[in-house]
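Student: Letter by letter, the chains look like this.
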Amino acid sequence: MSAIVDFPVKPETKPYLEAFGRNRHNREPDWLAGYRNGNLARFAELGFPSRRSEAWRYLDLRALEQRPMLPTGRGTAVIPTDADARLAEIGLAEPGYRLVLLDGRFAPGLSAIERLPSGVWLGSMAVALAERSDLVRAWLETQSSDMPRPFSSLNAAFFADGFVLDIAPGVTLERPVEILHLASGGRGGSLHTRSLVRLGAGSRASVIESYAGVGAYWRNDVVELQLAADAELARVVLVEEGPEALHLDEVRATLGQAAWLSSFVLLLDGRTVRHEATVRGEGEGSRCNLNGAFLVSGRQEANILTTVDHAAPGGETREMFKGVAAGRAHGAFQGRITVRPGAQKVDAHQLSRNLVLGPRAAIDTKPELEIYADDVKCSHGAAVGDLDEAALFYLRARGIPGEEARRMLVEAFVEEAVDLVESPPLREHLRARVARRLAMSEDWR
Amino acid sequence: MLEIKNLHARISDGREILRGIDLSVNTGEVHAIMGPNGSGKSTLAAVLAGREGYEVSQGTVTYLGRDLLSMPADERAREGLFLAFQYPVEIPGVNNMYFLRTAINAQRRHRGEPELDAGQFLKIVRAKLKDLDIGEDLLQRAVNVGFSGGEKKRNEIFQMAMLEPRLAILDETDSGLDIDALKMVARGVNQQRAPDRAIVMITHYQRLLDYVEPDRVHVLQGGRIVQSGDKGLALELERRGYGITEDAA
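Chain order of the listed sequences is X and B.
So the first sequence is numbered by my numbering: it starts at 1 and just counts up by one.
So the second sequence is numbered by my numbering: it starts at 1 and just counts up by one.
Just chain X, with the same shape it has in the complex:
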C-alpha cells in the first residue's frame, strides 16, 4: 500500500513514504502525528542531500539512494543472547546510570536507571512522550526547521524512541549517565532515535553515548542539548558501529548565559560515519569545548562537522580534532565558527590535526571562520601529515619493531586528543577503546 501525499516528492524518498504509511501509529496524539507528517513532507521535498551541498560533499550516499534501508517496525526488540557480553565489552567498567537502546528501542532489562537523585528525570523517549508530554512537545515543536536537514526530518517522522535526561536547576548528577545504542543485526534497515538532554540553571551532568552493533544497518540519530544559564554538561560520544554500518548523527546544542558544554567525540568504527554538531551560544559568556578524533582504515569513511554560532558577547570556543586515515580510508573535518554582529569579546580557537598513513588514504580538513564582530579573538589551524620519521627511528633504535612503533605513535597522536576528556574513568575507557581499535587493523604499518 502506498501513502497518498499532496506534496512534491523526490524519487529516492518514495520507499520511506510508503513505509511511513504502513507503520502509522494510531495511538499517538494528534500533535505528534502532525509533527511527523510535517517532517515527512519536508524530507520528501528535500530528498537526500546532494554532494554539491557543502555539508555533504565528502560523503558518498549513492548506495543508500539505490538500496533503501527502511525503518524497522515498532515492535519490541529481541534481546540477543550475547547482549550482556557485548555491554561488558563496550560499556564502562563501573557504569553510573545506564540506559540501553536496543535496535532503537529502550531495553529496560539491560538498563539501570533506578535511584536517581531527586530533580533528575532519566528515561526513554517513549515513556517521556507519555509521562512528560508537555516537555517533549514543547521541545519538538520549537525546533527550527529553517535549515534543510533531510535526515533530521526523516528521523522526526520515524523515531520510535530515544532518551530524555532532564535535570532541575541547581542539581549536580555526580555519576555519569551512560547511553548505549546497540544494533543487534537481527533487523537491518534503519534505526532512528531522538533524544533530549535538558539542564536547568546551574545544574551539572556528564553523559557518555556509545554506539555499537553488528550487521548492515543505517543509524540516523538526533540529539538535542539545552543548557540553561550556568549549567555544565560533559558529553562523550563513542562510535564503534559494525563494519557494514552507516552512522549519521546530529547533535544540536543551545547554551544559556555562562553555560559550559564540554564535548568529546571519538569515531572508531563503522563503514561510513558522520557526526555533525551544531552549537549555538545564545547566552553571554557561554563556553564550549568541542574535541574529538576519528580513526579510519580499510575503506572506511568518517566525517566530522562542527558549527559553533556565537550569538552573544563574551563566548569562548576551544576545538581540537584529530584524524587518522590508513589503508584506502577517507576522513574529513569541516569546522565552522560564526561570530554574530554584536557578539564582542568572543574568544574562539580551532585546531585540526591529521595523520595520513599510506598513499591511498586521504583526509580533507576545512576550517571556516565567519566573523561579523570587530572585537574578537579567533584563530584556526589545520595540518595534515605523516608520522614523525625521527620519532619512529628512535623507537626502532630501542628494538621496538617498526609496525609496533608506528602503532605506538598513532596511539599517542590520538591520545593527545583523548587526554582532553576531564573525567579519569571516561578517559581511561576511551584510551582502552583506541588501543583495541589499533590492534584490530594492520593498516597503520
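If you're looking for bench data, these hints aren't it; they were derived computationally from the structure.
In this text, a Cβ means the ideal position worked out from N, Cα and C, and glycines have one as well.
Worth double-checking, as some hints may not be accurate.
Said to hold, decoys possible - Output of the computed footprint for chain X on chain B, the stretches with three or more beta carbons under 8 Å from beta carbons of chain X: (1) 91-102; (2) 106-112; (3) 116-128.
As the list claims (entries may be wrong) - Quick list of the computed label-pair ranges, beta carbon to beta carbon: (4) X:11 - B:115: 52 to 62 Å; (5) B:113 - X:62: 28 to 38 Å; (6) X:60 - B:115: 21 to 31 Å; (7) B:60 - X:62: 53 to 63 Å; (8) B:70 - X:84: 45 to 55 Å; (9) B:113 - X:388: 26 to 36 Å; (10) X:85 - B:115: 49 to 59 Å; (11) X:445 - B:27: 30 to 40 Å; (12) B:27 - X:85: 34 to 44 Å; (13) B:183 - X:374: 22 to 32 Å.
Starting from the known structure of chain X, fit chain B onto it as the hints suggest.
Tutor: Chain B only, in chain X's frame:
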C-alpha cells in the same frame, strides 16, 4: 664483536661522508672515536644504528659474526646494539615507562624470554634509577618532552642501563653537559663496563675521557680513521688540537 672494513657511506645528496673506515672493537673494550666537526662521527653512528637516508657504497660491518648492514634498525637493537642519541627525540604522548617496557619486552621476545609485567618491570626500573641517582618522575613524563639537555642525556644513559646492550655507541653524549651531568653520564658508562660488552664513545672533546678511561682512542678525520692509539692519544689531541693529525694524514 664489531669489525668494520673499508666502510664508505654517502648521504642523500650524494656526498660521501665515510671514506673507508676500518675499525675493530673487541668484547670488554671501551673505544673513543674523536674528531672535529664534520669528520663523519655522527654519520658513522647513524650507519651502525641503521638510520635511513644513508647509502653504504662499499665495505662491510660484522657484528657478533653477522652482517650488521643487512639487519633493520630494530633488529640490530634487539641483537644488543644500542645508540645513545646526540639529539634524543621528543615523542609527545608516549609515556617514558611504557616506551621502555615495550622496548625491553621486544628484546625479551626476541631472545625467547618471557615478557615482564608492569610490577616486575617497575622493580628493575627502580633499582636502575637508584644506581644512576635519577628521580622517578622521569618515568611518568612523555619520552624526552620538555626535558632539559642534561635530562635527555640522563634518559639515554638510563635506557642503556635498562637494555643492557652488548655494544653501546654513545654519540656525543657528553656534549652540552655541565660537570654534574657529565659525571653522571661517566658513572653510567663506567657501570656498564663489562667483560661481555663493548662501548664506543664518539666525542668531540677529551673531557669525558677524564672520567671514563678508554682502552683505545681513534681519530676520525675526512671520513677515515687517521690515527689510533691508547688513552695518551686523547691527551695529545687535547694539547695539539686536530690540526696536527690532519697534516699527518
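Student: Can you list which hints this structure breaks, lowest number first?
Tutor: Per hint list: 3, 5, 6, 10, 12, 13 violated.
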